[in-house]
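> Here's the letter readout for the chains.
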Amino acid sequence: MSGQKIWNNILSNFKTQVSTSTFKTWFSGTFVLDLKSEEGRDLLVVGVRNSFVREQIENRYREVILKSAKTLNYKKLSVIFVVSQKEKTPPTKNGPLFSGRPLDFITKSKSPDTLSISHTFENFVVGGSNNLAYLAATQATTSLGSLYNPLLIHGPTGVGKTHLLQAIGNEVLVKTVNAKILYVSAERFTNDYIESLNNKTQQAFRSKYRSADVLLVDDIQFFAGKESTQDEFFYTFDELHLSGKQIVLASDRHPKEIARLKDRLVSRFLGGMACGITFPDLEMKTAILTSKSKEKGISLDSSIIHYLAERCRGGARELEGSLVSVLALSKLSGGRVDLEEVRAAIGRDTNLNSPIVTPGKIMDIVSRHFKVSSDDLCGPSRKSRLVEARQTLMYLLRKQLGLPLSTIGDILGGRDHSTIIHGIERVENLCLNQIKNDEILRLTTAISSN
Amino acid sequence: MKFTVSQKDMSLALLLAGKSLLVKANLPILSNLLISATKSKIEVLSTNLETATKVTIAGEVEAEGKVTLSGKMLQEFISQLPQEGDVVFEKLGEEVQILTKGYEARFATIAAEEFPAIPKIEGGHKIKIGADVFSKAAARVAFAAAQDEGRPILTGVLCEFSGGKVAMVATDGYRLSFDEVKVLEAPPLGIKIVVPARAILEAAKIGGELGGEGAKEGVIDIVVAEGLNQISFKMGEVEFTSRLIEGEFPNWQKVIPASFVSHARVNKEEFIKVVRIASIFARDSGSILRLKFEAMPAGRQAGNPPAGGGAKAQSLNVSAGAAQVGSGNGQIGIELSGAGGEIAFNYRYLLEALGVIEDEEVNFEMVESLNPGKLTGVLPEEKFFHIIMPVRLQS
Numbered sequence: 001m002s003g004q005k006i007w008n009n010i011l012s013n014f015k016t017q018v019s020t021s022t023f024k025t026w027f028s029g030t031f032v033l034d035l036k037s038e039e040g041r042d043l044l045v046v047g048v049r050n051s052f053v054r055e056q057i058e059n060r061y062r063e064v065i066l067k068s069a070k071t072l073n074y075k076k077l078s079v080i081f082v083v084s085q086k087e088k089t090p091p092t093k094n095g096p097l098f099s100g101r102p103l104d105f106i107t108k109s110k111s112p113d114t115l116s117i118s119h120t121f122e123n124f125v126v127g128g129s130n131n132l133a134y135l136a137a138t139q140a141t142t143s144l145g146s147l148y149n150p151l152l153i154h155g156p157t158g159v160g161k162t163h164l165l166q167a168i169g170n171e172v173l174v175k176t177v178n179a180k181i182l183y184v185s186a187e188r189f190t191n192d193y194i195e196s197l198n199n200k201t202q203q204a205f206r207s208k209y210r211s212a213d214v215l216l217v218d219d220i221q222f223f224a225g226k227e228s229t230q231d232e233f234f235y236t237f238d239e240l241h242l243s244g245k246q247i248v249l250a251s252d253r254h255p256k257e258i259a260r261l262k263d264r265l266v267s268r269f270l271g272g273m274a275c276g277i278t279f280p281d282l283e284m285k286t287a288i289l290t291s292k293s294k295e296k297g298i299s300l301d302s303s304i305i306h307y308l309a310e311r312c313r314g315g316a317r318e319l320e321g322s323l324v325s326v327l328a329l330s331k332l333s334g335g336r337v338d339l340e341e342v343r344a345a346i347g348r349d350t351n352l353n354s355p356i357v358t359p360g361k362i363m364d365i366v367s368r369h370f371k372v373s374s375d376d377l378c379g380p381s382r383k384s385r386l387v388e389a390r391q392t393l394m395y396l397l398r399k400q401l402g403l404p405l406s407t408i409g410d411i412l413g414g415r416d417h418s419t420i421i422h423g424i425e426r427v428e429n430l431c432l433n434q435i436k437n438d439e440i441l442r443l444t445t446a447i448s449s450n
Numbered sequence: 451m452k453f454t455v456s457q458k459d460m461s462l463a464l465l466l467a468g469k470s471l472l473v474k475a476n477l478p479i480l481s482n483l484l485i486s487a488t489k490s491k492i493e494v495l496s497t498n499l500e501t502a503t504k505v506t507i508a509g510e511v512e513a514e515g516k517v518t519l520s521g522k523m524l525q526e527f528i529s530q531l532p533q534e535g536d537v538v539f540e541k542l543g544e545e546v547q548i549l550t551k552g553y554e555a556r557f558a559t560i561a562a563e564e565f566p567a568i569p570k571i572e573g574g575h576k577i578k579i580g581a582d583v584f585s586k587a588a589a590r591v592a593f594a595a596a597q598d599e600g601r602p603i604l605t606g607v608l609c610e611f612s613g614g615k616v617a618m619v620a621t622d623g624y625r626l627s628f629d630e631v632k633v634l635e636a637p638p639l640g641i642k643i644v645v646p647a648r649a650i651l652e653a654a655k656i657g658g659e660l661g662g663e664g665a666k667e668g669v670i671d672i673v674v675a676e677g678l679n680q681i682s683f684k685m686g687e688v689e690f691t692s693r694l695i696e697g698e699f700p701n702w703q704k705v706i707p708a709s710f711v712s713h714a715r716v717n718k719e720e721f722i723k724v725v726r727i728a729s730i731f732a733r734d735s736g737s738i739l740r741l742k743f744e745a746m747p748a749g750r751q752a753g754n755p756p757a758g759g760g761a762k763a764q765s766l767n768v769s770a771g772a773a774q775v776g777s778g779n780g781q782i783g784i785e786l787s788g789a790g791g792e793i794a795f796n797y798r799y800l801l802e803a804l805g806v807i808e809d810e811e812v813n814f815e816m817v818e819s820l821n822p823g824k825l826t827g828v829l830p831e832e833k834f835f836h837i838i839m840p841v842r843l844q845s
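Heads up: the sequence lines are chains H and Z, in that order.
Anchor point for the first sequence: position 296 equals 296 in the working numbering, and the numbering is continuous, going up by one each time.
Quick note, the working numbering runs 450 ahead of the 1-based positions in the second sequence.
Careful, some of the hints might be misleading.
With a cut-off of at most 25 Å between alpha-carbon atoms, the simulated DSS-like pairs for lysine-lysine come out as follows [stated by the list, open to error]:
| no. | chain 1 | residue 1 | chain 2 | residue 2 |
| --- | --- | --- | --- | --- |
| 1 | H | Lys24 | Z | Lys458 |
| 2 | H | Lys436 | H | Lys361 |
| 3 | Z | Lys541 | Z | Lys578 |
| 4 | Z | Lys642 | Z | Lys615 |
| 5 | Z | Lys551 | Z | Lys615 |
| 6 | H | Lys75 | H | Lys15 |
| 7 | H | Lys15 | Z | Lys762 |
| 8 | H | Lys175 | Z | Lys704 |
| 9 | H | Lys24 | Z | Lys474 |
| 10 | H | Lys24 | Z | Lys704 |
| 11 | Z | Lys458 | H | Lys175 |
| 12 | Z | Lys570 | Z | Lys551 |
| 13 | Z | Lys704 | H | Lys296 |
| 14 | H | Lys294 | Z | Lys704 |
| 15 | Z | Lys576 | Z | Lys522 |
| 16 | Z | Lys551 | Z | Lys655 |
| 17 | H | Lys292 | Z | Lys704 |
These aren't lab readings, by the way, just hints derived from the structure by calculation.
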């Protein structure tokens, strides 16, 4: 029988012998810490809330308790009382002073256009692929509205554009108490605008967006094709820009590549500083993983981190995803994981999902992207549009599959290996240009994803 | 039991013992006082199961004995009796008769055996500290402790005795108060305990109420039980015992910024005034005030000169407001070194902290809007400081 059960039996017998208030005052909250058996005798260790209570129980009620125990046939039982807290205080937060994060105090109604305070410059991992964007962002906060205005950050999904945008907002808040910072996605701007048209509240809409000291707009590619929203954004942009307010934009591709975006917007977006972020390299991925695992309060073996970094092709978000899987795995196996287990678990996952890349698939994707047929790609025509597609295909076949030059030549309708070398070099040169670089990036993402 | 005491002695004893009474107890005995007469002394004892107060007074004992009486009634009755008179207590059956010139009363009793025993401290760490020094430090620190029991450890005051000094720290997670004072006698090895804030304030009050007269040369004898679970304060004829809070006090040193960017020196009365006036407008906006430390704008000085500070070149602007009630804004002159800046606080924290600083001027230091600010007095020998966490304002 468990100690707590014995104690409960004793208490319910004892309860009948004293008044309710006495019982409540002295015995509520008592609990069993331990039941020890030694040489045929049982020792029940009971925790009480403080020494005042213990003193009283020891002096006044000890005998009565033992008598109750005897009547219940616990003949060889003795009871001792110790001062103890029922449960260790849960490690709850000690408050903002200790976390270093001030409480948010929102002066008007709570709106979703607020920043998440977990995105700061401090926890942004900087590396070769994003240091220009990082520098520009930090610079922009020191000279708001003048140095880089607008600041445009573009790059594929999961590389930290939103993080940088929010970090700018948070940094501005650190420096001033009451700057009006508006962080919205283009989608929200669009919805707000449509709503204001429906409810005839354009005035409120304008005063909301045109009174911001810092306007942060995420995912501006969403404006594509929305003509009147573009017009509205154009006026908002101009007004803020003219009055020297900082504007920061993020997009998943270069504005020039966003179809159906008006030229006057594109030119304005590019009128300040535009910087790209690409997928992180291996060292950076390692750094991101280390920083993320520290945030989650786990320490991983460096071999596991290295494995994950190597394995993961995408950006920070995918890295975080893989980290979460490892975390779940470590919970399952009681806190310890080794590389083999991780490899087995994650390797299995990705093998199921990751597509097998074939030259045919790459050709498909390229032909779809450039809107040319695969027969033309292998054919003799040397139209400039075809040549560009063909050279891009050479480049991708070489880089993605590592095929020998002559094999690539064979695939492309029996071309000579020097033609292939020339094509690859040409694309490499074009890649120095951001636009081509991003195009290649999207193609490779498409190849490895679907 | 029969004894005679002076009204004045008994009245003071009841006032002091009243600190540990549990008035709304579901166990009636806890709202009673235990009065015991032995030889030539009379002891008045009360407990609320967290603290216990024992006051010893001199009197003429004819018959020894013990009795418990309702603390609140007895206190009210005795305190209003004619002063400078003697009061006779005599147990008659189950009642106690109290007689003085012109007045007679009979109090019902509860058996003295029912009264809970107070845990004794057998041996422990002995400390001696000046009563005024202790009371002042306790008052400066304990108010910052947490009120709610959600984090029990934060409802206490951390006391670290070491090297002839005691450092006291209290925090509720939003602000932190620290003071360090000398002790007269300390245990050879340092000890670290957490005393309930309520208990330390009571002890300080008792020390203050006794003043110089009751306490022997104004010294408090402290004993901390060997197991670090109980503490007793002995001041003259009063012994105040309290449980200690078990658990680990959070690492408070790390919340104090290593260095500050801006230092302001502000007249305390002006500071309190400007905060009070702005606070009228903060009541509907979460008690939040905005403080702006800056070099005085040139136009401002001529048009609407600041309320105080004479010809000082820098100013502190305090403002608050809510859309529904309007806004207020006050400005005083200060001495500022460093960049200045804006910071937002709950005004109650500011007023409470300013209230315990005795100097005419205070120092305020800050790093940036979202880092804690620090308030201190201006006397270099004072160790007191107060840290307040700002809030982040978003429109």
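> Each hint needs a verdict: does it hold in this structure or not?
Each hint tested on the structure:
{"no.": "1", "hint": "Lys24/H / Lys458/Z", "result": "violated, 38 Å"}
{"no.": "2", "hint": "Lys436/H / Lys361/H", "result": "holds, 21 Å"}
{"no.": "3", "hint": "Lys541/Z / Lys578/Z", "result": "violated, 39 Å"}
{"no.": "4", "hint": "Lys642/Z / Lys615/Z", "result": "holds, 12 Å"}
{"no.": "5", "hint": "Lys551/Z / Lys615/Z", "result": "violated, 50 Å"}
{"no.": "6", "hint": "Lys75/H / Lys15/H", "result": "holds, 19 Å"}
{"no.": "7", "hint": "Lys15/H / Lys762/Z", "result": "violated, 73 Å"}
{"no.": "8", "hint": "Lys175/H / Lys704/Z", "result": "holds, 22 Å"}
{"no.": "9", "hint": "Lys24/H / Lys474/Z", "result": "holds, 14 Å"}
{"no.": "10", "hint": "Lys24/H / Lys704/Z", "result": "violated, 42 Å"}
{"no.": "11", "hint": "Lys458/Z / Lys175/H", "result": "violated, 61 Å"}
{"no.": "12", "hint": "Lys570/Z / Lys551/Z", "result": "violated, 39 Å"}
{"no.": "13", "hint": "Lys704/Z / Lys296/H", "result": "holds, 21 Å"}
{"no.": "14", "hint": "Lys294/H / Lys704/Z", "result": "holds, 19 Å"}
{"no.": "15", "hint": "Lys576/Z / Lys522/Z", "result": "violated, 33 Å"}
{"no.": "16", "hint": "Lys551/Z / Lys655/Z", "result": "violated, 32 Å"}
{"no.": "17", "hint": "Lys292/H / Lys704/Z", "result": "holds, 23 Å"}
Consistency with the previously given hints fails for numbers 1, 3, 5, 7, 10, 11, 12, 15, 16, ordered from lowest to highest.
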